[in-house]
Amino acid sequence: DAGVTQSPTHLIKTRGQQVTLRCSPKSGHDTVSWYQQALGQGPQFIFQYYEEEERQRGNFPDRFSGHQFPNYSSELNVNALLLGDSALYLCASSLVSGGQQETQYFGPGTRLLVL
Amino acid sequence: GNSVTQMEGPVTLSEEAFLTINCTYTATGYPSLFWYVQYPGEGLQLLLKATKADDKGSNKGFEATYRKETTSFHLEKGSVQVSDSAVYFCALSEEGFQKLVFGTGTRLLVSP
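First to last, the protein sequences are chains A and B. Per this note's numbering, the very first residue in the first sequence carries number 1; after that it's consecutive. Per this note's numbering, the very first residue in the second sequence carries number 116; after that it's consecutive.
Derived from the structure by calculation, the hints contain no laboratory data. Worth double-checking, as some hints may not be accurate.
Claimed, not checked - Capping the alpha-carbon separation at 25 Å, the derived lysine to any residue pairs in SDA-like fashion look like this:
#1 A:K26 to B:S173
#2 B:K171 to B:E131
#3 B:K175 to B:G144
#4 A:K13 to B:K171
#5 B:K171 to A:G98
#6 A:K26 to B:V202
Unchecked claim - Calculated Cβ distances over 12 Å to all of chain A for the following chain B residues:
#7 L128
#8 A132
#9 F133
#10 Q160
#11 A168
#12 K175
#13 K183
#14 E184
#15 T186
#16 S187
#17 H189
#18 E191
#19 Q196
#20 S198
#21 S208
#22 S226
Just so it is clear, CB atoms sit at the ideal spot from N, CA and C, and this is done for glycine as well.
Could you put the whole structure together from the sequences, leaning on the hints where they help?
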């Protein structure tokens, strides 16, 4: 049973560029959440997608956007990259059951470096 | 808003020592509580969870009890191994398992 997968594993961009990160959820899961983890910090919630819609959003600017596809996979897009966007980006998947979201399981992350 | 506070690290122990990592939280309602572990260069792995007061989560020798009266969820292990060296994150989610709110993490270093 495949777990959560993310691509690419590492990425180097320059300021002002745009980046797209991808996530495939664990088999049977229908919800995807994205988190940003700066070096030495705990993950910070960016947003969550369910039924192809953004259901909840954290305190991140509109430069951060996302999408969920019919197969439940998801993309995170970041426009106009800043040096401060350098971080590990984590995707987590979960299942909505009985109207409630169950435990979130994380992928290995994509490490983004902005120069 | 909701928040999680963890003891600062690193926590340095010898193999077979007893481990406690403190975690306290602030939340409205009745959150679920989690411990995640992150090994070097990897993502987060769920270690254990508890969904209501007085529940005890346990896994791989680690335990934590949901204490509503003290708003705490301290992680314990009776005998640590070198392979337990990692960063441990305490987290909560609001009712309905919405977004996770994490602490800053505690690095554990276990020496032989």
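Hints versus structure:
no. : hint             : verdict
1   : A:K26 to B:S173  : holds, 23 Å
2   : B:K171 to B:E131 : holds, 22 Å
3   : B:K175 to B:G144 : violated, 30 Å
4   : A:K13 to B:K171  : violated, 44 Å
5   : B:K171 to A:G98  : holds, 23 Å
6   : A:K26 to B:V202  : holds, 23 Å
7   : L128             : holds, 21 Å
8   : A132             : holds, 25 Å
9   : F133             : holds, 25 Å
10  : Q160             : violated, 7 Å
11  : A168             : holds, 18 Å
12  : K175             : holds, 16 Å
13  : K183             : holds, 20 Å
14  : E184             : holds, 25 Å
15  : T186             : holds, 18 Å
16  : S187             : holds, 17 Å
17  : H189             : holds, 17 Å
18  : E191             : holds, 20 Å
19  : Q196             : holds, 23 Å
20  : S198             : holds, 19 Å
21  : S208             : violated, 8 Å
22  : S226             : holds, 22 Å
Hint compliance for this structure: hints 3, 4, 10, 21 are not met, and every other hint is.
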